[in-house]
Amino acid sequence: MHQYWFYIGDFPIRAYGTLFALAFIVGVGLTLYFAKVEGRTEYMEPIMDLAPILLLSGLLGARFWQVFFFDWAFYRQHPGEIIAIWHGGLSIQGGVVGALLAGGIYVWLKKLPFWELADLIAPGLMLAQSIGRNANLMNGDAFGGPTGGDFGILYPVGTIARDTFGNQPLWPAEVWEGQVDVIIFALLVVLKMRKWPTGVIFLLYMVLYNLSRFFLESLRGDSPRFLFNWSAAQWSSMVAVGIALLLLAWRVWRDRQSKVA
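Residue numbers (the working numbering): 387 to 647.
Derived from the structure by calculation, the hints contain no laboratory data. What you are looking at is a predicted structure, and each value in this text was computed from that prediction instead of being measured. For every residue, glycine included, the Cβ atom is placed at its ideal position computed from N, Cα and C. Treat the hints with care, as some may be off.
To be verified - Subject to a maximum C-alpha distance of 27 Å in a straight line, what follows is the list of computed BS3-like cross-link-like pairs (lysine-lysine):
#1 Lys645 <-> Lys578
#2 Lys496 <-> Lys581
#3 Lys497 <-> Lys645
#4 Lys422 <-> Lys497
What the hints assert, rightly or not - Cβ-Cβ distance ranges computed for the label pairs, FRET-style:
#5 Trp582 <-> Tyr393: 45 to 51 Å
#6 Val575 <-> Met430: 16 to 22 Å
#7 Phe450 <-> Gly395: 30 to 36 Å
Could you build the full structure based on these sequences and the hints that come with them?
This is the structure we're talking about:
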């Protein structure tokens with residue numbers, strides 16, 4: 387793993403930033419592809435308009451979540467690090483919240499169908515998250531705890547993981563999460579092969595991702611623990627799963643009611 391691909395003069399080209407950009411491009415491209423093959427070409431222009439809004443709001447939400455919910459104890463002592471997103475520290479859960487808020491306002495103003503667009507975006511978002519975990523791996527900023535044996539990842543000198551645990555093998559938590567994300571992406575694509583009530587694909591993404599995140603988070607070594615020895619990400623995951631399940635039941639019930647009527 388390498389934090390830097392190369393230098394242009396004294397300016398480093400960071401693996402984290404380039405992989406993050408790749409994740410965004412792939413996510414948008416895949417969403418446009420699904421809009422085209424599903425015959426929803428009328429959404430392609432709104433998706434392109436939404437893309438930069440979701441990117442900026444997602445970045446703000448991801449950083450806000452990381453700083454104030456996940457690791458405020460650290461950032462309170464190091465306020466200069468709050469804006470240093472190139473060091474890592476972007477919470478995907480906060481990113482989704484930020485993007486949902488901004489995207490929700492946009493579609494409301496434009497009078498677009500929120501749930502149809504959410505279903506279109508979900509698979510691309512899931513695949514983008516998988517690429518994002520590769521960015522974390524290269525940067526060494528989202529890492530597991532010590533395995534206690536000779537199995538695990540040895541991060542290089544200069545990474546936060548190495549500074550935290552030294553020369554100890556760590557659980558490949560972010561690698562496994564990236565792999566699970568690909569599996570969830572594949573499941574969402576398969577599910578799209580049949581018709582569901584609008585919103586179901588996106589809400590299943592919320593449930594499946596956050597459930598997997600909850601369990602894999604128990605292997606993480608970079609997160610402070612709170613009640614029940616859960617990290618902030620685990621608490622966020624359980625709240626997200628609960629809300630998503632309620633909304634999922636409501637979308638299915640509403641669809642059945644409309645068919646009865």
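Hints, one by one, checked against the model:
Only pairs whose Cα atoms come within 27 Å are accepted, and Lys645 paired with Lys578 is accepted, the gap being roughly 20 Å. Simply put, Lys496 and Lys581 have alpha-carbon atoms about 25 Å apart, close enough for the 27 Å limit, and the pair holds. Taking the CA atoms of Lys497 and Lys645, the gap is about 24 Å. The hint holds against a cut of 27 Å. For the hint linking Lys422 to Lys497, the alpha-carbon distance of about 21 Å falls within 27 Å, and the restraint holds.
A hinted range of 45 to 51 Å holds for the C-beta pair Trp582 and Tyr393, which are about 49 Å apart. At about 19 Å, the CB distance of Val575 to Met430 agrees with the hint of 16 to 22 Å. With their beta carbons about 33 Å apart, Phe450 and Gly395 fall inside the hinted range of 30 to 36 Å.
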